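**Student:** Sequence:
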Amino acid sequence: MSIVIDHLTFAYTEGGKRLEPTLRDLTFTIEEGAFLGIIGHTGSGKSTFVQHLNGLLASEKGMVLVDGHDVSVKAERRKARELVGMVFQYPEYQLFAETVFEDVAFGPRNLKLDESDVKTRTEEAMKLVGLELERFSSRSPFELSGGERRRAAIAGVLAMRPKYLVLDEPMAGLDPKGRESILALLESLRRDTNCTIIMISHSMDDIARHATNVLVLDHGAVSMYDTPERVFARGEELQRLGLSVPTVTQVCMEMNRLGVPIPTGICTRDAFIRWFTEERAHA
Numbered sequence: 001m002s003i004v005i006d007h008l009t010f011a012y013t014e015g016g017k018r019l020e021p022t023l024r025d026l027t028f029t030i031e032e033g034a035f036l037g038i039i040g041h042t043g044s045g046k047s048t049f050v051q052h053l054n055g056l057l058a059s060e061k062g063m064v065l066v067d068g069h070d071v072s073v074k075a076e077r078r079k080a081r082e083l084v085g086m087v088f089q090y091p092e093y094q095l096f097a098e099t100v101f102e103d104v105a106f107g108p109r110n111l112k113l114d115e116s117d118v119k120t121r122t123e124e125a126m127k128l129v130g131l132e133l134e135r136f137s138s139r140s141p142f143e144l145s146g147g148e149r150r151r152a153a154i155a156g157v158l159a160m161r162p163k164y165l166v167l168d169e170p171m172a173g174l175d176p177k178g179r180e181s182i183l184a185l186l187e188s189l190r191r192d193t194n195c196t197i198i199m200i201s202h203s204m205d206d207i208a209r210h211a212t213n214v215l216v217l218d219h220g221a222v223s224m225y226d227t228p229e230r231v232f233a234r235g236e237e238l239q240r241l242g243l244s245v246p247t248v249t250q251v252c253m254e255m256n257r258l259g260v261p262i263p264t265g266i267c268t269r270d271a272f273i274r275w276f277t278e279e280r281a282h283a
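First residue of the sequence shown? That's 1 in this note's numbering, and the numbers climb one at a time after it.
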């Protein structure tokens, strides 16, 4: 199954007047099990797009099908929302309960599940994000570190057991240790549960290291949709769009300008080391 985006177009209104489209005729497919990284300049439509994936915004034209469920149809939207979990920027600001356990349990309880099912889902979600039950269940979420609060907020979404997890800048405001911790969590979720990850990020290094596919939005339209290697091989185009490229790609571009030929598409440290090792072996 998959999420199919079919000619999606959307424009906001202001004072009853339709503004310029924020999304323009988007058409592509997000395959099950993928890690999709979404990049684009400020105002390119990234956050607007992901809010269409579970019907928080209604398309003006076109469709979003989540495993065949049309999110524009009221009767199907509820099922789509069960499949798509949303984690907004600074999700820890949404924490409100007296304890971590009660906060994570809020979503399952809202589904009117039996208390035994609520307990199972809550404990399962806390374990998935690395919050030990004995240590964190009875603690106030406001006593946690920034990274721990982010994990608790993500656990609250995972307790709903989404098939597709959408995150809008999930590492925003975290220190390097916290960033790596969240990225490792996302990789383990994808590996252990086959959860599809859809992540907006301004960090090209994070996208290069973790994404299986990259969506580049430019003024609401699809500029590129391909593997990280193929997208970042077009470094000069990305820079013309006002975007940066991964650090390794920057180094490779500069070496090419200095006359040292390096294949395009090298965008991670591991890929650079593999290329360098092979070059030395054939020297």
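By construction, these hints were calculated from the structure, which means they are not laboratory data. Predicted, not measured: the structure shown is a model, and the values here were computed from it. Treat the hints with care, since some could be wrong.
[Stated by the list, open to error] Straight-line alpha carbon distances no greater than 30 Å define the calculated DSBU-like cross-link-like pairs of lysine-lysine that follow: (1) K177 <-> K163; (2) K61 <-> K112; (3) K127 <-> K177; (4) K112 <-> K79; (5) K61 <-> K79; (6) K163 <-> K127.
**Student:** Report the numbers of all earlier hints that the structure fails to satisfy, in ascending order.
**Tutor:** Hint check: 2 fails alone, others pass.
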